[in-house]
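**Student:** Got chain Z sorted already, so can you dock chain Y onto it with the hints?
If you read the protein sequences in the order shown, they are chains Z and Y.
My numbering applies: residue 1 is where the first sequence begins, and numbers increase by one.
My numbering applies: residue 1 is where the second sequence begins, and numbers increase by one.
Because the hints were derived from the structure by calculation, they are not lab data.
One thing to keep in mind: the hints can contain errors.
Quick list of the computed label-pair ranges, beta carbon to beta carbon [stated by the list, open to error]:
(1) K61/Y - K90/Z: 53 to 63 angstroms
(2) Q208/Y - G94/Z: 48 to 58 angstroms
(3) D223/Z - K106/Y: 41 to 51 angstroms
If you want a taste of the chain Y side facing chain Z, the calculated C-beta under 8 angstroms gives, among others [unchecked claim]:
(4) F101
(5) R103
(6) E112
(7) F283
(8) T286
(9) A298
(10) S313
(11) H316
(12) R321
(13) E323
(14) D341
Backbone N, C-alpha and C fix where the C-beta goes; we use that ideal spot for every residue, glycine too.
So you can see what is in the structure, the chains are spelled out below.
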Amino acid sequence: MNQMAALVDPMVPAPFRIERVKKELSDTFTLDLVPAERKRSISFLPGQFNMLYVFGVGEIPISISGDPGVGDKIVHTTRAVGNVTNAMWKMGVGQTIGVRGPFGTAWPVEEAEGSDVVIVTGGIGLAPLRPAIYQILANRQAYGNVCIMYGARTPEDILFRKELEKWRGQFDMQVDVTVDHATGRWGGKVGVVTKLIGRGGFDPHHTVAFVCGPEVMMRYAVDTLVERGVSEKDIHVSLERNMKCGIGFCGHCQLGGDFVCKDGPVFPFDAVADRFVIQEL
Amino acid sequence: MTANKSTNQAFVIDADKGLQKLIAVLAAEGYQVVGPRLEDGAIVYAELASSADLPVGVKDKQDGGNYRIVKGREGVYFDYVVGPHSWKRYLFPPEQKICEFRRQGKAFRIVEETPDVPAYAFIGARPCELQAMQIHDRVFDNGEFADPAYLARRDAAFVVAVNCTQAGGTCFCASMNTGPKASGGFDLALTEIAEKSRHVFVVEVGSQRGQEIVAKLKGAAATDGDVSKADALVKKAAAKMGREMVDDVGPLLKRNLESNRWYEISKRCLSCANCTLVCPTCFCNTVEDVTDLTGANAVRNRRWDSCFTMDFSYIHGGSIRREGASRYRQWMTHKLSSWFDQFEQSGCVGCGRCITWCPVGIDITQEARAIRDSEGRA
Numbered sequence: 001m002n003q004m005a006a007l008v009d010p011m012v013p014a015p016f017r018i019e020r021v022k023k024e025l026s027d028t029f030t031l032d033l034v035p036a037e038r039k040r041s042i043s044f045l046p047g048q049f050n051m052l053y054v055f056g057v058g059e060i061p062i063s064i065s066g067d068p069g070v071g072d073k074i075v076h077t078t079r080a081v082g083n084v085t086n087a088m089w090k091m092g093v094g095q096t097i098g099v100r101g102p103f104g105t106a107w108p109v110e111e112a113e114g115s116d117v118v119i120v121t122g123g124i125g126l127a128p129l130r131p132a133i134y135q136i137l138a139n140r141q142a143y144g145n146v147c148i149m150y151g152a153r154t155p156e157d158i159l160f161r162k163e164l165e166k167w168r169g170q171f172d173m174q175v176d177v178t179v180d181h182a183t184g185r186w187g188g189k190v191g192v193v194t195k196l197i198g199r200g201g202f203d204p205h206h207t208v209a210f211v212c213g214p215e216v217m218m219r220y221a222v223d224t225l226v227e228r229g230v231s232e233k234d235i236h237v238s239l240e241r242n243m244k245c246g247i248g249f250c251g252h253c254q255l256g257g258d259f260v261c262k263d264g265p266v267f268p269f270d271a272v273a274d275r276f277v278i279q280e281l
Numbered sequence: 001m002t003a004n005k006s007t008n009q010a011f012v013i014d015a016d017k018g019l020q021k022l023i024a025v026l027a028a029e030g031y032q033v034v035g036p037r038l039e040d041g042a043i044v045y046a047e048l049a050s051s052a053d054l055p056v057g058v059k060d061k062q063d064g065g066n067y068r069i070v071k072g073r074e075g076v077y078f079d080y081v082v083g084p085h086s087w088k089r090y091l092f093p094p095e096q097k098i099c100e101f102r103r104q105g106k107a108f109r110i111v112e113e114t115p116d117v118p119a120y121a122f123i124g125a126r127p128c129e130l131q132a133m134q135i136h137d138r139v140f141d142n143g144e145f146a147d148p149a150y151l152a153r154r155d156a157a158f159v160v161a162v163n164c165t166q167a168g169g170t171c172f173c174a175s176m177n178t179g180p181k182a183s184g185g186f187d188l189a190l191t192e193i194a195e196k197s198r199h200v201f202v203v204e205v206g207s208q209r210g211q212e213i214v215a216k217l218k219g220a221a222a223t224d225g226d227v228s229k230a231d232a233l234v235k236k237a238a239a240k241m242g243r244e245m246v247d248d249v250g251p252l253l254k255r256n257l258e259s260n261r262w263y264e265i266s267k268r269c270l271s272c273a274n275c276t277l278v279c280p281t282c283f284c285n286t287v288e289d290v291t292d293l294t295g296a297n298a299v300r301n302r303r304w305d306s307c308f309t310m311d312f313s314y315i316h317g318g319s320i321r322r323e324g325a326s327r328y329r330q331w332m333t334h335k336l337s338s339w340f341d342q343f344e345q346s347g348c349v350g351c352g353r354c355i356t357w358c359p360v361g362i363d364i365t366q367e368a369r370a371i372r373d374s375e376g377r378a
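Just chain Z, with the same shape it has in the complex (with noise of 0.2 angstroms):
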């Protein structure tokens, strides 16, 4: 038992104020948020979340999505689906919103140094991911040849078009885009994200893979890439699970003998495989 214990309540949040709120698609926005009481310096690693509370109505994990080299300020991309984040989704500039953490296991960016990077992402699931390629972005040279594989309902549903926009102009990167639907005068590809696997340019021995998405999604990706020649322990995946609590103490995010909450969400596939095929555990 420690003597911080008696002092800090992990279950009670810290006052942030929205300093912007950005409307990313027709559900989708993101919150610019900074401490209301006192400056402070935030720190995070990408892949990790926070418990955020909206006054009266509840509190949710929300993984961040801003960059880790930016100090001063926490983002989060969210849809509105539920009780809170449809509260969220009305609130606006100066609003207080409660937050807890950061919480949770990160990708390995910097294990990754030396090796190509492949990010298999679906839909939503690019938020928690984009920490990780402004990580990589910032020290590119470290890394050998950076693939983003980005599959979206439609082409109105792709998440910061214009980033990634931007890194595929970039050239050091290869960005590739799906969509399950086409509509208007999208001109590109139709069909699942795991399609792209197959041509992403990254030698699959030596190879790290971050793929976040729906879990069916994830499950076809993790396969098309061993398939690839990509080893489990390689591949890193990202689990959403229902949490109240972020540290362990609630029992909701319970996978088999893993808090999704602590020891996730971002866990090594070799770690959660023999989880992933059974039904409902």
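**Tutor:** Showing chain Y alone in chain Z's frame:
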């Protein structure tokens, strides 16, 4: 709270006067004394004003889905085993306020609670329950995070254990190595010796605090005869366990996550969550934010939750564990198998509450045996 093993020196106190004195001394020391009481036909844990509040001369009869209080040996204090309550309701209360929020214009202010830390003296904690407390110590101080409210209550609590000289119909602590004799985790441990000519408690001391309290009881030093008699009574209880857990149940369940037995069980399981509420180690909880009618104040509470509810695993789009079979599997495999991965020990202490209080009498030991027997018989 104590971590020390018992010291060698044991004492003997008179059953009636000694117990009365013990409760009086603990109350005088400022402890809120809590112990077994007979209420609504069951032994529950509630506040004790004196030893007169203890159930005397009663036994419990327990079986799957069945609990009855019957007449026991006259004058005997601890002839029963455990009821529906466990000490977790005092160390990890069913509902606990975490903090409050007050609206201030567009913003809100966080009002941290200075938790009121009651100092409890638990009378009659059974060896399986001591193990349950040690399990919670790991859960609520997991190396990365600690729950200050739990730790404060636990630190303040004085634990008077009672070794079991009776085994209940659903007890299986002997096969879980958690009883029926306490090996540590108490301040004082009592063993009741109820003979026609002599009714005493043998008192073992487990901590410095225990030593200080026992000094005030002015008991006589226990003879070797007393100590071996007490041991023999406990050994007899060990031989009479109503149930037994199969060996190596952790790896067994891990091998059988897709067993048909889960579907078999789910035909009987009502997903009522009784087992999780009576379990002394189930710790799952939820956080609820409640707003008052003015909309200006919100309270954050932590409340016991259960993996048997659909909400428990809900993420946008639906619940992860939709089938009753998945929810029962989660409960049983967590308790007996994945707990080892999380905390390097079993989450089950063999108290048998989940068997007794299951409205349809599902028996965790029998289900484990059925899964074992199904192996190699695909």
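**Student:** With reference to the structure, classify each hint as holding or not holding.
**Tutor:** Checked hints:
| no. | hint | in the structure |
| --- | --- | --- |
| 1 | K61/Y - K90/Z: 53 to 63 angstroms | holds (58 angstroms) |
| 2 | Q208/Y - G94/Z: 48 to 58 angstroms | holds (55 angstroms) |
| 3 | D223/Z - K106/Y: 41 to 51 angstroms | holds (49 angstroms) |
| 4 | F101 | holds (6 angstroms) |
| 5 | R103 | holds (6 angstroms) |
| 6 | E112 | holds (6 angstroms) |
| 7 | F283 | holds (6 angstroms) |
| 8 | T286 | holds (5 angstroms) |
| 9 | A298 | holds (4 angstroms) |
| 10 | S313 | holds (5 angstroms) |
| 11 | H316 | holds (4 angstroms) |
| 12 | R321 | holds (5 angstroms) |
| 13 | E323 | holds (6 angstroms) |
| 14 | D341 | holds (3 angstroms) |
Violated hints are absent here; each numbered hint is respected by the structure.
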